[in-house]
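Undergrad: Residues per chain, in single letters:
Number of protein chains: 4
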Amino acid sequence: MTTLEHQTPATDHLEDNEDLVAGTPVPPPPTPEEQRRLEELYTDFGSENLIPLWTQIGDLMPSSPRPKAVPHVWRWNTLLPLAQRAGDLVPVGRGGERRAIALANPGLGGQPFATPTLWAAIQYLGGHEVAPEHRHSQNAFRFVVEGEGVWTVVDGDPVRMSRGDFLLTPGWRFHGHHNETDQPMAWIDGLDIPLVHYTDTSFFEFGADRVTDSSTPRLSRSEELWCHPGLRPLSQLQNTVSSPIGAYRWEHTDAALRAQLELEAAGHPATVERGHAAVRYVNPTTGGDVMPTIRAEFHRLTAGTATRTRREVGSSVFQVFDGTGTVVLGGPEHGTEHQVGKGDLVVVPSWVPYQVVADGAGLDLFTFSDHPVVEKLALARTHIEDNA
Amino acid sequence: MTTLEHQTPATDHLEDNEDLVAGTPVPPPPTPEEQRRLEELYTDFGSENLIPLWTQIGDLMPSSPRPKAVPHVWRWNTLLPLAQRAGDLVPVGRGGERRAIALANPGLGGQPFATPTLWAAIQYLGGHEVAPEHRHSQNAFRFVVEGEGVWTVVDGDPVRMSRGDFLLTPGWRFHGHHNETDQPMAWIDGLDIPLVHYTDTSFFEFGADRVTDSSTPRLSRSEELWCHPGLRPLSQLQNTVSSPIGAYRWEHTDAALRAQLELEAAGHPATVERGHAAVRYVNPTTGGDVMPTIRAEFHRLTAGTATRTRREVGSSVFQVFDGTGTVVLGGPEHGTEHQVGKGDLVVVPSWVPYQVVADGAGLDLFTFSDHPVVEKLALARTHIEDNA
Amino acid sequence: MTTLEHQTPATDHLEDNEDLVAGTPVPPPPTPEEQRRLEELYTDFGSENLIPLWTQIGDLMPSSPRPKAVPHVWRWNTLLPLAQRAGDLVPVGRGGERRAIALANPGLGGQPFATPTLWAAIQYLGGHEVAPEHRHSQNAFRFVVEGEGVWTVVDGDPVRMSRGDFLLTPGWRFHGHHNETDQPMAWIDGLDIPLVHYTDTSFFEFGADRVTDSSTPRLSRSEELWCHPGLRPLSQLQNTVSSPIGAYRWEHTDAALRAQLELEAAGHPATVERGHAAVRYVNPTTGGDVMPTIRAEFHRLTAGTATRTRREVGSSVFQVFDGTGTVVLGGPEHGTEHQVGKGDLVVVPSWVPYQVVADGAGLDLFTFSDHPVVEKLALARTHIEDNA
Amino acid sequence: MTTLEHQTPATDHLEDNEDLVAGTPVPPPPTPEEQRRLEELYTDFGSENLIPLWTQIGDLMPSSPRPKAVPHVWRWNTLLPLAQRAGDLVPVGRGGERRAIALANPGLGGQPFATPTLWAAIQYLGGHEVAPEHRHSQNAFRFVVEGEGVWTVVDGDPVRMSRGDFLLTPGWRFHGHHNETDQPMAWIDGLDIPLVHYTDTSFFEFGADRVTDSSTPRLSRSEELWCHPGLRPLSQLQNTVSSPIGAYRWEHTDAALRAQLELEAAGHPATVERGHAAVRYVNPTTGGDVMPTIRAEFHRLTAGTATRTRREVGSSVFQVFDGTGTVVLGGPEHGTEHQVGKGDLVVVPSWVPYQVVADGAGLDLFTFSDHPVVEKLALARTHIEDNA
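Respectively, the protein sequence lines represent chains A, B, C and D.
Those letters in the first sequence? Residues 1 to 388, by full-length UniProt numbering.
Those letters in the second sequence? Residues 1 to 388, by full-length UniProt numbering.
Those letters in the third sequence? Residues 1 to 388, by full-length UniProt numbering.
Those letters in the fourth sequence? Residues 1 to 388, by full-length UniProt numbering.
It is worth saying that the hints were derived from the structure and are not from the lab.
Heads up, simulated DSSO-like pairs for lysine-lysine below, C-alpha to C-alpha not over 27 Å straight-line:
| # | chain 1 | residue 1 | chain 2 | residue 2 |
| --- | --- | --- | --- | --- |
| 1 | A | Lys68 | B | Lys376 |
| 2 | A | Lys376 | C | Lys376 |
| 3 | B | Lys376 | B | Lys68 |
| 4 | A | Lys68 | A | Lys376 |
| 5 | C | Lys376 | C | Lys68 |
| 6 | D | Lys376 | D | Lys68 |
| 7 | D | Lys376 | A | Lys376 |
| 8 | A | Lys68 | B | Lys68 |
| 9 | B | Lys376 | A | Lys376 |
| 10 | D | Lys68 | C | Lys68 |
| 11 | D | Lys68 | C | Lys376 |
Could you put together the complete structure from these sequences and hints?
TA: Encoded structure:
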């Protein structure tokens with residue numbers, strides 16, 4: 001129900017843009033007759049499924065991204081009890097498929113989307129429960145902030161889940177989970193559900209009602225084949241769109257970060273900025289991102305380290321893995337500070353400035369984003385403020 | 001405002017999927033007490049900005065794409081008069097920027113989007129009018145179904161617009177238009193506005209209020225440099241994300257299609273199927289699509305030729321350039337037939353079956369799509385029915 | 001039969017390298033007993049098929065390339081009469097396959113190689129003669145400095161040969177030639193025979209004794225499909241290692257060069273340096289070189305233009321297509337000047353400085369090189385002297 | 001000094017090719033006058049640095065590769081004592097640079113080349129000796145069949161050398177070695193010296209006379225940064241032509257091979273053929289070969305395993321790391337069997353059939369080849385015989 005006010009040329013666009021030359025000639029206001037004919041024209045547009053650009057351009061083509069999604073923090077000590085209550089009340093099984101509870105960005109109108117492209121959820125599996133197998137176009141991963149005892153079975157390969165592990169379920173691979181213990185386990189799921197939904201690219205298929213292999217090996221077959229640094233199995237020379245590695249283990253991530261900080265301490269280049277070690281999880285067949293739509297990284301800040309303030313085109317989600325600190329969302333001047341601790345989740349929409357500052361015990365952060373999408377579409381920009 | 005009904009596990013998902021094993025154990029219905037605690041849980045989810053997957057999965061992860069966008073046809077003889085009326089009433093200039101009127105897909109809730117990713121509009125420029133220069137992240141092209149007399153100036157290079165020409169304005173290049181004649185001219189614009197809007201990746205900047213070069217050469221400098229088949233200027237060895245060619249001229253497109261049909265007639269492989277010649281517009285620095293988000297092609301069907309019915313993941317827009325024919329949207333059994341003629345625009349959402357049948361004079365079709373996006377994200381699928 | 005003198009540590013290496021710190025401690029000369037044992041050791045090396053590095057390093061690993069091949073000029077008015085005499089005396093047919101006479105670089109010990117990687121030959125086909133079909137791993141092209149009347153048939157596609165055309169026969173495609181006229185015709189062949197020979201990668205197969213299609217179309221089917229600027233046949237979306245274009249016609253090359261010089265004259269960037277227009281022949285499926293091992297370009301110098309002196313890693317061959325000028329080989333100080341005219345061929349080995357200066361009528365130059373090989377192996381370097 | 005016999009059309013080419021149609025018309029023998037004129041023509045060719053193709057084609061373009069290099073085996077227990085004698089007699093230092101003794105293929109006319117493209121040598125460094133730093137275009141690696149105590153310093157990063165390690169010195173990185181112990185150490189060097197020499201692409205520069213960092217860390221900085229499976233340092237996102245990893249440690253290679261055989265034993269696909277595990281050393285920034293010109297792999301055959309007979313375009317060198325077995329060179333019928341044990345080196349020229357059979361204790365084999373060159377130039381072919 002657009003009113004005529006909205007249909008005059010979009011002035012916010014003008015105000016917004018500093019480069020606009022002052023003194024652009026403003027057309028004279030319409031006469032009453034012109035006004036009547038304009039209203040008639042807009043009505044006719046509407047009945048023919050047409051909308052003029054000139055009333056929309058300010059919203060559609062802003063001078064810099066104006067995401068509807070807002071920066072927001074979800075607390076682990078809120079999420080976990082709610083997941084536990086769901087564990088008591090809602091069965092896991094065919095139809096609902098997973099006991100996963102999604103972060104719904106307050107700016108996105110009640111959709112279960114952390115950002116326009118990313119889904120983030122806490123998933124909860126009770127003792128001895130099984131989540132049935134299925135597969136879908138959507139790319140998925142799990143990250144484990146605490147606990148153990150569940151195996152996820154990906155195309156028949158059982159993958160142990162433990163604290164600090166990052167686990168992949170790339171698009172169109174069958175997967176189900178089973179809890180081998182008496183204890184429940186919770187973790188986070190990350191997927192590209194919103195992007196796949198928006199672009200109408202979803203395919204979904206049910207698999208076995210129970211997992212196809214209920215064995216509980218320490219390492220998945222994918223790790224046995226692929227997790228030897230710099231070595232590629234000669235039987236696997238075809239590159240794959242997504243990483244063939246089922247689990248990126250905490251021991252490796254932790255060792256890589258420690259090594260970077262030790263190298264820094266010894267005076268060698270290794271970290272991304274002083275006191276800030278970081279790794280990207282990659283597809284060993286290409287050296288690129290683990291999945292076509294999702295980037296995942298792990299960052300470690302030493303005690304007291306403050307990152308430079310960054311803005312990036314594209315959206316991201318952070319989860320504190322260990323330690324405490326402060327996240328400043330919205331820029332150094334107008335930003336909001338959030339104290340964060342273990343398990344807390346922070347959503348950073350596109351182009352929102354953010355900074356992370358570690359408390360005295362340092363801060364370990366897992367993060368994922370849609371940056372591979374933005375890069376592939378040649379829409380990427382990064383701005384790093386020099387706020388030393 | 002979700003009701004509890006929506007919050008029982010999504011059953012449409014079950015119905016939808018033929019592979020589901022019958023006899024999946026259905027959990028017993030909740031007791032009144034459980035029902036009360038469930039309602040309480042869902043309320044608490046809501047206040048914490050959380051939404052469960054199990055109530056949404058059927059909608060979010062369908063077994064095959066269920067686009068909200070619908071197949072639709074817009075008629076040139078409806079569009080053009082409305083554009084002419086806008087030409088009389090709405091000035092073109094800074095702020096509104098362009099006199100462009102967008103196809104608003106009836107399924108997309110009043111947004112000016114042809115599909116979730118693509119913008120398609122008729123643009124109209126009166127005699128001697130000037131559309132001011134600006135640049136934006138969004139990738140744009142123009143296709144001219146009739147008329148001439150306008151030059152579009154892209155980063156200072158004046159590009160003549162004439163019937164059958166396909167013209168590029170890749171992301172972040174300044175561009176403005178000016179009409180050198182007394183006569184108005186109309187053409188279609190295609191952009192990735194919806195995708196850029198959805199992913200929050202828009203940057204926009206105003207340029208000169210009038211075009212920076214008002215000369216009217218027959219060929220743009222980009223063509224002088226690049227439009228010699230198989231030859232690359234030695235001064236231009238750096239590959240570019242988008243094509244450096246400003247205009248793909250009708251004479252070349254037409255000649256390429258004629259050649260394919262002559263080769264076919266002489267018994268050589270050249271066409272995509274019998275009676276169906278087609279070319280893709282490409283970036284000569286890579287051989288790939290002209291822009292990172294948009295594919296554009298031109299198809300020619302000889303008299304009476306019927307294409308095989310296709311479904312593709314991703315959405316597309318067709319415009320009839322010449323001739324008449326029938327477009328069948330929605331599959332051979334349940335599909336709807338549309339008679340189409342010169343200038344008519346057809347929108348085909350993701351995974352909707354479509355077939356084109358040429359009348360006795362043959363049919364020339366311009367088309368653009370978001371298929372490069374879908375391919376880069378490894379979400380592409382094509383199904384071609386064998387309906388010979 | 002190496003003598004002991006050669007087996008003392010290589011001193012030319014030392015002299016050669018300006019960076020060597022003076023005063024490196026020189027080991028004392030060997031005693032007679034040591035000398036005897038050394039000789040015994042070298043003898044034992046020899047009988048066990050071993051050779052020490054320390055006696056060879058100066059030759060094997062020079063501080064910059066020291067090609068055995070030398071810069072050299074062959075004259076068209078020497079080549080053509082010799083080819084004509086061969087035409088009278090040597091039949092063309094199965095076994096010898098082609099009446100081609102190769103440039104044998106005087107530095108390469110009597111091998112028929114223009115450079116270590118490139119073969120260049122004049123080929124001569126008498127009136128109504130036929131060169132039988134065959135195919136081989138070696139990549140081949142022809143360039144026509146004068147004449148017409150021959151068609152080369154490549155995998156069944158007849159390709160007309162005329163002055164200024166550049167024609168491809170990529171590896172493993174059947175090809176034969178036939179002369180449709182009473183007049184003989186001569187052209188140059190370029191191949192990677194020396195590289196393929198050296199790397200032991202040659203496969204060869206005979207085809208039809210006469211050409212499989214003796215028709216004489218003006219354009220080959222490959223041109224009909226591919227020579228429309230910026231347009232790719234939709235039936236040909238698979239990229240190919242070599243260009244699918246059979247002939248790059250003179251009219252396009254000439255037009256591209258003229259356009260660059262006109263743009264330059266109008267003040268726009270287009271040429272590689274003032275007065276020096278140039279195009280590279282490319283594979284339209286990738287924008288890269290026409291064949292995996294050979295780069296080919298065409299250069300035009302306006303009257304009086306002198307190129308800057310260049311050195312490039314990798315070797316190249318130039319042929320004057322039109323005009324006259326001077327080629328300076330070996331650097332501005334010690335170089336040798338050669339007056340060159342139509343048809344003359346110049347070989348430039350790796351890292352030899354060269355400069356071309358056009359006489360008053362300008363100079364048109366065809367050139368080919370092994371630079372794709374050097375680039376793929378990450379061994380490329382270019383040095384351009386600032387000799388304005 | 002070619003005689004006229006060689007200058008009649010090459011008949012070996014004809015005999016060689018089974019596809020040649022019988023009954024090709026043979027031209028009549030030349031008359032004495034024609035013979036005289038022919039001789040005169042060939043003389044004139046010679047004085048103008050020209051050589052006809054028709055006398056050379058059989059040798060230049062064989063129907064399949066006919067390498068001059070021959071299959072050959074060098075014994076470790078021959079090589080090592082000779083290297084020790086060189087250690088006593090020849091100092092290591094500036095000028096000679098390295099105490100390396102190269103395998104000289106008996107077919108290559110006394111050049112220090114294992115194959116036309118590959119250099120393989122035993123290098124020997126006495127207790128407390130230092131090999132001075134230098135850098136060169138040539139890509140180099142070391143593989144250690146036994147011993148320890150030497151560090152190689154690559155662009156300032158000290159890399160420990162121990163049994164089973166594979167160490168890289170890609171082109172143009174400074175490197176020197178120093179032995180920290182009283183004991184000598186020997187290893188093999190592999191380089192692309194012959195290819196770089198043949199293509200005239202060598203640059204060489206001296207560095208420090210002693211190593212720039214004489215510390216002796218267990219792991220190099222390159223390993224600390226890069227050897228965490230699936231993890232990439234965020235500070236190192238630029239892909240590099242060669243692998244950034246300085247050392248591929250035996251413990252990882254061994255673990256990867258053991259894992260493949262365990263997976264095979266458990267019924268899962270993992271090995272290249274039954275009983276034959278293998279890994280390729282790769283560049284983690286791309287998943288491709290470690291250096292642009294050299295491929296390196298490690299193979300393990302279980303007791304009694306016989307590989308299928310293979311032919312590959314391109315040449316390779318094998319070194320037995322452990323165990324004993326038989327190498328059959330030249331094909332199942334005409335091939336020669338060689339018993340091989342620890343340290344023995346086997347050279348396989350292009351297209352020579354080879355098969356490896358493990359004795360009762362199994363066989364561990366290191367191998368390197370020029371296959372990346374052959375693949376990049378689109379000249380690769382592999383033939384695997386079905387000799388089960």
